[in-house]
Amino acid sequence: MSSRKTERLINLTIALLASKRFLTKNEIFRTIEGYEGSAEANERMFERDKDDLRTLGIAIEVGELDVLFNDEPGYRIKPESYALNMGELSGLDIALLSLATEVWRDASFSQAAQSARIKLASLGIASDYQSIPAMAPRICIDSPNFAVLVKAIADGVHINFEYLASNMEVQHRDVDPYGVGNRFGAWYLVGFDSEKSAIRTFRLDRIRGQVARSNTLNSFRIPNDFNVAQYLDENLFQDTQSAIIRVRKNKGRQLRIRAAMIVPDEEFDTCTIPYPNEQSFTDLILWHGEDVVVLEPASLRESVIAALEGLVKSHD
Amino acid sequence: MTKTNAGLLRAARLLDLVPYLMSHQGIEIDVLAQQFEISKTELLEDLNTLWMCGLPGYTPLELMDLTFDSGFVTIRNADELQNARALNNEEVVALLLGLDYLKGQLLTESAALIAAIESLVSRLSSTLRIALTNNLSAHIEVSAHIRGALLNAIAKREPLEIQYHSPTRDEIILRTIHPLHISINQNIEYVDGFCELVNDYRTFRLDRILTINPASSPGRWLESNVAQSNVKLPFEIAILERERDVCERLNIDLETLKTSNVKAIAVFGFSEDWLIREILTLGGSCILTKPADIRHRVKMRAELALNGYRNLLLGA
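In the order they appear, the protein sequences are chains E and G. Just so you know, we're using this note's numbering here: the first sequence kicks off at 1 and counts up by one. Just so you know, we're using this note's numbering here: the second sequence kicks off at 1001 and counts up by one.
Some clues are possibly wrong.
To be verified - If you anchor each label on the Cβ, the simulated ranges turn out as follows:
{"hint": "1", "chain 1": "G", "residue 1": "D1207", "chain 2": "E", "residue 2": "Q130", "range": "23 to 29 Å"}
{"hint": "2", "chain 1": "E", "residue 1": "D239", "chain 2": "G", "residue 2": "V1262", "range": "31 to 37 Å"}
{"hint": "3", "chain 1": "G", "residue 1": "D1293", "chain 2": "E", "residue 2": "N215", "range": "57 to 63 Å"}
No lab work stands behind these hints: they were computed from the structure. All C-beta atoms in this analysis are idealised placements derived from N, C-alpha and C, irrespective of residue type, glycine included.
Whole structure, please, built from the sequences with the hints as guidance.
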């Protein structure tokens, strides 16, 4: 984009903001610097300029002029839609908002955070950092797709991507994205999987390559009661079962800190331990080898024994 | 970034420069460039462009009046653009996620801060098409820096020096640990690893790690556990099922998997003990094919663990 064009965009914004009434195209071409050449060229320039301003988030209002002037459309920018307005903001509010932009240093939204920080600083409200404990917040997001996903959720567009399935096969998934959230260092996408006809959770680091979005905006509705934080809590790590396990004295710290109850004994202590899912808990039991013996439930005990027998056989 | 995009970003920056200057009259050029994260040359170009913009007519009466020769910038006659622009969707999202993150960090601090954050969140979300507050969650209770350092050390198999707070003894102890995995239980994150201080495996809560640094020496654990002086332990596995679990635990990437024969994947580990426990944990999903002596020890460990269940039956 040339400097002249940048200049023209700024001049157009100023003129449309300053005008109390709608300006016709002719008035715009006649008075705003930068519109020159044939009528056709001006028309094309103006169409592109309008698109550019809209891309910048500036809403151009289109209205009918006086009925006497036929129905030639006019244009203007309403100062109230152009300007930042969050109601009254205190020094503490400004400090919190600035701190919220700090979180994004070098991460997905750093550019948006930087421009938001500038806009907030332009309000000329002195920030009150005294009321906030000293902290250096920072969000860690490795996924290049994070910003794309957030935008897809906001736009309500269908997405598709390649996903590393549990068998390490790269699968194609079609999803209506509902939310993204962070749990324990990993970011998750929650959405409606078209093929499975059900809500599914995807770990962002298992998405291969780029997420593609469809063109239709608002193509689905997110259920009103959907809350991503609650969904992740309930579906990923909720303890639903409880096991009784013998753990060798002075061993199995990972298990002991989870225990709801520990009954000490001679060589082994008996621990009651809640757990969220059988597979990951079986893995944890196996990690401890001969230092742990599962008593209950029988299904967990059987799967541990089966795995051990398998290991003996396969490593013979 | 495409050329057009860069031009649009510049137009956006020019629009944002004006209100910023209005509220920061007399700001030093160097400081201004720093605030906008651009070079001094870029800034001077921006100011020169702005200087040519104004209301139709474009006489000195209508143009913006900028002075910056002295190295300090002042602006006059720019009332139309004096207001900070409204936040765009991306900026709102960056702020919403940032605030959600802060909320998680400040949860235990003060009710007034949380209330201020919640009020900002509701004001910001009202500007979006959908209430994204339910769809985005960035609650991270643990310092991202600490988790990042741990994940990095786990991937590279490097030891760390941590200052760990024990609330029961109310002591801070410096420990050298060899982190193995991050695990989650009841919404608390733990790192499992080998601790040199106690010469055994221990589990540490991430939120109680106060500082984290690379350990100065390779440490005792590696010396006693790694075959000869070679820090990296080569081994070979055959994958039978649960491919993704196997690959994630043993740090095998998709490319290695694709270019290898699944019956003989060459990998590097970092200690015998680690390797045996990992193979046990994977419970027969993969077979350790080489080296033969460690393969034999896997079998012995599994048999030992099975004995625990046999004794249980005998006892009963």
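| task | Confirm or reject the claim that D1293/G and N215/E have a C-beta distance inside 57 to 63 Å. | result | 60 Å, holds
| request: Confirm or reject the claim that D1207/G and Q130/E have a C-beta distance inside 23 to 29 Å. | output: Given range 23 to 29 Å: holds, Cβ gap about 26 Å.
| said: Is 31 to 37 Å respected by the C-beta to C-beta distance linking D239/E and V1262/G? | reply: The hint (31 to 37 Å, Cβ to Cβ) holds, given that D239/E and V1262/G are roughly 35 Å apart.
No hint from the list above goes unmet by this structure.
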